[in-house]
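Q: Bring the two chains, given one by one in their own frames, into a single complex with the hints.
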Amino acid sequence: MASLDELKKRISSVKSTQKITKAMKMVAAAKLRRAQESAEKGRPYSDKMNNIILNLSNNITDIENSPKLLAGTGESKVYLCVVMTSDRGLCGGFNTNIIKKAKSYFQKITSEGKTLKIITVGSKGYDQLKRVYKNNIIEKISFKESKNANYFDADKVGKIIINKFEKKEFDVCTIFYNQFKNVITQIPQEQQIIPLKSSKKVEENSAQDNYEFEPEEDEILNNLLPKNISTQIFKAMLENSASEQGSRMSAMDNATRNAGEMVDRLTIEYNRSRQAAITKELIEIISGAESL
Amino acid sequence: MSETFNIEIVNPEKSFLKKENVSEVVVPAFEGELGILKDHISIISFLKPGIIKIFSGAEEERFYIDDGIVEFKDNSLSILTSSIFDIKNLDKNHISNSISEAEKELSSNEIDDQKRFLLNHKVEVLKSLSLN
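Heads up: the sequence lines are chains A and B, in that order. The first sequence begins at 1 in my numbering and counts up by one. The second sequence begins at 293 in my numbering and counts up by one.
For the record, the hints were derived by calculation from the structure and aren't laboratory data. Everything hinted at is true.
DSS-like mimics (lysine-lysine), calculated; alpha carbons at most 30 angstroms apart, straight line: (1) B/LYS396 with A/LYS164; (2) B/LYS306 with A/LYS25; (3) A/LYS41 with B/LYS365; (4) A/LYS134 with A/LYS147; (5) B/LYS306 with A/LYS227; (6) A/LYS101 with A/LYS48; (7) B/LYS340 with A/LYS41; (8) B/LYS330 with B/LYS306; (9) B/LYS365 with B/LYS310; (10) B/LYS345 with A/LYS41; (11) A/LYS144 with A/LYS41; (12) B/LYS340 with A/LYS156; (13) A/LYS101 with A/LYS68; (14) B/LYS340 with A/LYS159; (15) A/LYS68 with B/LYS407; (16) B/LYS310 with A/LYS227; (17) A/LYS25 with A/LYS101; (18) A/LYS156 with B/LYS407; (19) A/LYS100 with A/LYS77; (20) A/LYS167 with A/LYS130; (21) B/LYS330 with A/LYS41; (22) A/LYS48 with A/LYS159; (23) A/LYS227 with A/LYS159; (24) B/LYS365 with B/LYS311; (25) B/LYS407 with A/LYS168; (26) A/LYS167 with B/LYS396; (27) A/LYS48 with B/LYS311; (28) A/LYS167 with B/LYS340; (29) B/LYS384 with A/LYS156; (30) A/LYS48 with B/LYS340; (31) B/LYS310 with B/LYS419; (32) B/LYS340 with A/LYS227; (33) A/LYS156 with B/LYS310; (34) A/LYS68 with B/LYS340; (35) B/LYS407 with A/LYS48; (36) A/LYS25 with A/LYS144.
This is chain B alone, in the form it adopts within the complex (with noise of 0.2 angstroms):
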């Protein structure tokens, strides 16, 4: 038997992704990143902005996210996202748009710790992004 499993990432407007010989997903979850194998328990988690990696066979495919949710049941991954883009096909002056917007969110007073956590590594990781 094969060690492989589905994965279907949709966002509001579409279906955007759909696989079905996944090998492994690594997922940003909050509490941690989360590696999701064949046979994972069944799981909801709550993703913060982050790189999803996905294995398939010798291929490895990225993208990042905003924000999203994580389902796993029955050997079938679902990822619910607002905002998702191709590592491949994200063009520097959006990271650094992104940047710049989360940075203006963190300075004012109004956010609340779990926010600032947030935004905080938001900015973390599309620095990391555009330097590559």
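Bound-form chain A, shown alone (with noise of 0.2 angstroms):
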């Protein structure tokens, strides 16, 4: 059994360690707040942008000239993959997550003859992808400076993935991000941005719209399937922004309580020696008083 004083020492240090994990909970709950606040504030533009892109795609005639970036280079050989992580560690199973969710669709990719390139964002991504995918990885971006997610940040991914797909070094695009259910789930995402999916809705709203174009229908859709890019890339880094802070959150709720567990548990393993030494010592007085 360990000595009075080394379980001492370990009681207060598993204190000590408590003190920080609660700390950082606290100031995970603060900026978990802020980030889904803004998350939820970001979403009409993100919702708002979708719309008119599919009222665009729904009104475009020649399917054949339409613009690349919506319809696809007609190729699927090359895949880019965008995997959106968080700079800092200490959040759970944020990262491994979406690296898992990552990396199940890279060995589909390759397992189908396809040329894989990455694009990390976030350097925990990188370090965890460097191990297997090291020559696979074309760029690698982390914004550590930046407190808070912002849309210039996003810009900056969405210029260089468009710049790439012009240069015609990949033909089908997607990223990889967590969305931000509540504090508690988080749900890994695939999204393919480029060629653009089209989703459900299409049938929905189809039909009754009947726009007026300024300039034509081709040009503007030129111009803005860009940004739709740079928007969507905002729209990830907002919700994995608020997926790390609650995902942080929990996490160090967990080692908050197990840290108390080990105190309580150390507190009486150290109650217990310390009685056994005085009953020890009662012991040896009683029967050295005996023996006199």
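A: Rendered as structure tokens:
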């Protein structure tokens, strides 16, 4: 059994760890509120953008000449995956979940004999992927300096993607991020952004919307689609930052609780061995007195 | 029946402005200024750098935008823009910074005619703002 002194040291060390995790939990909770708010505020923009694009693509008659960002290159040989993770650790399974999702997708692609290219956003994703997919990673981006997710950063990522698309470096682009559902649940998502997948909504609101366009449809689309990519990335960033804080909060909550249990256990052990030592001394004194 | 409609301006971060009793909006559309009144036909258009004027009653509000998309449907107008500033709060330094940035871009050779046109226009609008 450990000596009393050692136990005492361990108890105080666990207690100070608990203090740290507790503080991190509080910070994460405060940040979560802000991140959640901005994620909700950002939704109207991306929803509206999506709606307009849907309306536009419904109105496009000449499909063959429609912009490549919408229709695709017509091939599907090179896949670009944008894996979005956090820049900081200690947030439970947040990064691991995204990576897991991405890796299973990578395996599917490579087993089909397609070429895989990866862009990592956030340093933790790069750290986890570089061991296996080092040669596939063509770019790593991290926004360690910027505190909150902002549109400016998202636009940068979007421009990089579009640049590569215009140079015909890839055919299909998919982004990976965590969707924020609530504090305990974050769902890792894969979303294809190039070519734009037409969602089910098309059928619901077709026909009745007759718009006047100025300038022509395809000209609008050509301008709008690159913006939409930045918007989608920005949305993913917002969802991600809310998820990161939520995940960190619950991870730190667990850690605090575990530390509490550990302190209880160690305190009992400490008290027992203290009692044992006292009893032993007493027995020694009594037996010493008896032998006189 | 009143002659007013709804307007909502959103930027990526939040819903910037929401009003319900707007009588007229003038936006700098791609092919010229576009005034929108109630019961305008459904329209989607692009905006170039310029000034949005919103009239509600006797009130007039002005905003400067860099770019944007405008959609009008069922008497509600949505404007999506990535950068918007209230003209009252626009400070001179920001204007002169944007002007010099745009001029720097203009001097590089890699831009096409459309971009050149937009940038020229932007400089013009900004200069007229800084005079006031």
